[in-house]
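2 protein chains.
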Amino acid sequence: MKYCSECAHPVSLIVPPDDNRPRYVCANCGAIHYQNPKMVIGSIPVWEQDGEARILLCRRAIEPRHGYWTLPAGFMENNETTADAALRETAEEAGARIELHELFSLLNVAHVHQVHMFYRATLLDLNYAAGTESLEVKLFTESEIPWDQIAFPTVGQTLKFFFADRASLKNGGSYGLHTHDITTSMRQRDY
Amino acid sequence: MKYCSECAHPVSLIVPPDDNRPRYVCANCGAIHYQNPKMVIGSIPVWEQDGEARILLCRRAIEPRHGYWTLPAGFMENNETTADAALRETAEEAGARIELHELFSLLNVAHVHQVHMFYRATLLDLNYAAGTESLEVKLFTESEIPWDQIAFPTVGQTLKFFFADRASLKNGGSYGLHTHDITTSMRQRDY
Numbered sequence: 001m002k003y004c005s006e007c008a009h010p011v012s013l014i015v016p017p018d019d020n021r022p023r024y025v026c027a028n029c030g031a032i033h034y035q036n037p038k039m040v041i042g043s044i045p046v047w048e049q050d051g052e053a054r055i056l057l058c059r060r061a062i063e064p065r066h067g068y069w070t071l072p073a074g075f076m077e078n079n080e081t082t083a084d085a086a087l088r089e090t091a092e093e094a095g096a097r098i099e100l101h102e103l104f105s106l107l108n109v110a111h112v113h114q115v116h117m118f119y120r121a122t123l124l125d126l127n128y129a130a131g132t133e134s135l136e137v138k139l140f141t142e143s144e145i146p147w148d149q150i151a152f153p154t155v156g157q158t159l160k161f162f163f164a165d166r167a168s169l170k171n172g173g174s175y176g177l178h179t180h181d182i183t184t185s186m187r188q189r190d191y
Numbered sequence: 001m002k003y004c005s006e007c008a009h010p011v012s013l014i015v016p017p018d019d020n021r022p023r024y025v026c027a028n029c030g031a032i033h034y035q036n037p038k039m040v041i042g043s044i045p046v047w048e049q050d051g052e053a054r055i056l057l058c059r060r061a062i063e064p065r066h067g068y069w070t071l072p073a074g075f076m077e078n079n080e081t082t083a084d085a086a087l088r089e090t091a092e093e094a095g096a097r098i099e100l101h102e103l104f105s106l107l108n109v110a111h112v113h114q115v116h117m118f119y120r121a122t123l124l125d126l127n128y129a130a131g132t133e134s135l136e137v138k139l140f141t142e143s144e145i146p147w148d149q150i151a152f153p154t155v156g157q158t159l160k161f162f163f164a165d166r167a168s169l170k171n172g173g174s175y176g177l178h179t180h181d182i183t184t185s186m187r188q189r190d191y
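Protein chains in written order, with the UniProt record's numbering: chain B, 1 to 191; chain D, 1 to 191.
Treat the hints as calculated values from the structure; they're not laboratory data. Values in this document were obtained by computation on a predicted structure and should not be read as measured data. Be aware that one or more of the hints could be misleading.
Partner residues aside, some chain D positions facing chain B, computed with beta carbon under 7 Å [what the hints assert, rightly or not]:
| id | residue |
| --- | --- |
| 1 | N79 |
| 2 | E80 |
| 3 | K160 |
SDA-like mimics (lysine to any residue), calculated; alpha carbons at most 25 Å apart, straight line [unchecked claim]:
| id | chain 1 | residue 1 | chain 2 | residue 2 |
| --- | --- | --- | --- | --- |
| 4 | B | K38 | B | D19 |
| 5 | D | K2 | B | P16 |
| 6 | D | K2 | D | R59 |
| 7 | D | K160 | B | A83 |
| 8 | D | K138 | D | T183 |
| 9 | D | K38 | D | R54 |
| 10 | B | K38 | B | N28 |
| 11 | B | K38 | D | A83 |
| 12 | D | K38 | B | E48 |
| 13 | D | K170 | B | G172 |
| 14 | B | K38 | D | K170 |
| 15 | B | K38 | D | D18 |
| 16 | B | K38 | D | H111 |
| 17 | D | K38 | B | G172 |
| 18 | D | K38 | D | F75 |
| 19 | B | K38 | D | K38 |
| 20 | D | K38 | B | L13 |
| 21 | B | K38 | D | M1 |
| 22 | D | K170 | D | E133 |
| 23 | D | K38 | D | E133 |
| 24 | B | K2 | B | N28 |
We put the CB at the ideal spot given by N, CA and C, even for glycine.
Build the full structure now, drawing on both the sequences and the hints.
What follows is the structure, given as structure tokens:
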């Protein structure tokens with residue numbers, strides 16, 4: 001940020017009075033321009049068949065991580081709820097209709113100022129189709145998942161939590177909320 | 001937003017190519033200025049005594065809702081995790097040391113572009129003290145809580161969820177994650 005978005009005067013990075021960290025402050029109009037983390041919200045669309053869970057993944061048509069696989073997810077928008085965002089991103093990126101269940105994972109990615117959240121979901125039909133941000137959309141069983149071609153650590157970690165919880169069901173386990181901090185990137189160049 | 005923060009040129013609110021909602025776009029340098037929801041993170045600091053839970057609340061010394069009671073909470077900052085934010089806000093507003101437990105509530109306040117989250121926590125000692133944003137800080141049992149003087153609907157709802165879960169413990173219940181959408185303001189003038 002170089003200029004005040006309210007009056008176009010150059011801003012300075014200083015600690016405002018009664019604050020304890022540097023902010024972009026406008027000496028002309030007095031505006032303080034706060035910068036805060038963003039939320040990336042998605043779903044884990046599950047299709048159950050022959051006693052096995054298949055997960056709908058999207059191969060990214062955009063940077064970062066073009067060509068890599070991800071759960072449908074994206075930046076939460078103003079005027080929507082976290083559940084709205086999960087439904088919207090799943091429709092936009094995977095053309096998929098889902099029934100949303102509870103919040104399943106919350107992952108902090110502090111070094112890029114993001115919090116990622118994924119809802120567990122049931123895929124309602126097989127009429128999914130790649131949106132403009134996806135090259136292809138496909139169902140994967142646990143053994144079929146391309147673990148070395150997953151776009152983001154938060155997606156890989158969420159898939160691991162999902163299959164661990166699912167395996168625990170037969171021993172009386174259940175799905176629960178998983179919180180996790182990502183402290184290093186899967187591939188250093190991407191973050 | 002009136003001017004581009006990168007080049008000081010006036011911005012226009014238009015739908016960019018390959019997008020589906022209006023953004024502030026700079027016709028001079030091409031920057032798209034996205035605006036996204038913010039996270040407000042806090043804690044529920046609990047002090048157990050004589051078989052009763054006492055919750056630490058802060059009376060606000062700042063607007064909005066000056067003079068009303070809140071759980072310690074505030075805007076999450078860049079470079080921190082949600083847990084970091086809960087610990088920091090509890091220290092700043094209530095001068096309190098806590099042990100953080102699991103995420104307890106996530107509340108969408110879509111009409112003000114916010115998501116509020118509260119962690120369950122144990123107050124570690126009674127050496128708390130009002131920070132610069134609090135007039136006073138005080139422990140309340142459930143019956144003592146000033147329900148009609150709670151600053152924000154997300155705080156009142158979180159306290160209700162907390163005491164309901166706590167009451168369920170003696171019947172084999174447990175604390176769980178509560179998600180909830182706030183669709184109207186407690187007092188219209190405040191949101």
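Original post:
Can the restraint linking D:K38 and B:E48 be considered satisfied, given a maximum Cα separation of 25 Å?
Top reply: violated, 35 Å
Subject >> Holds or violated: B:K38 to D:K170, with C-alpha atoms at most 25 Å apart >> reply: Violated: B:K38 and D:K170 sit about 39 Å apart, past 25 Å.
Original post:
Within a Cα-Cα threshold of 25 Å, do B:K38 and D:M1 meet the stated pairing?
Top reply: holds, 18 Å
Original post:
CA of B:K2 to CA of B:N28, is that 25 Å or under?
Top reply: The given pair, whose Cα atoms are some 14 Å apart, holds under the 25 Å limit.
Subject >> Given pair status - B:L13, D:K38, alpha carbons within 25 Å >> reply: holds, 21 Å
Original post:
Given D:E80 was flagged as interface, is its beta-carbon under 7 Å from a beta-carbon of chain B?
Top reply: holds, 6 Å
**OP:** Starting from D:K170, check that the Cα of B:G172 is at most 25 Å away, please.
**Re:** Holds - the C-alpha atoms of B:G172 and D:K170 are around 22 Å apart, at most 25 Å.
Original post:
Is the Cα-Cα distance between D:K2 and B:P16 25 Å or less?
Top reply: Holds, at about 22 Å.
Subject >> Status of the D:N79 interface restraint (C-beta, 7 Å, chain B) >> reply: Holds. Min distance 6 Å.
Subject >> Restraint check for B:K38 with D:K38, where alpha carbons must lie at most 25 Å apart >> reply: holds, 7 Å
**OP:** Mind checking the alpha carbons of D:K160 and B:A83 for me, to see if they're no more than 25 Å apart?
**Re:** With a Cα-Cα distance of about 22 Å, the restraint between D:K160 and B:A83 holds, given a limit of 25 Å.
Original post:
Are D:K138 and D:T183 close enough, with their CA atoms no more than 25 Å apart?
Top reply: Distance of about 29 Å is beyond 25 Å: violated.
Hint compliance for this structure: hints 3, 6, 8, 9, 10, 12, 14, 17 and 22 are broken, all remaining hints hold.
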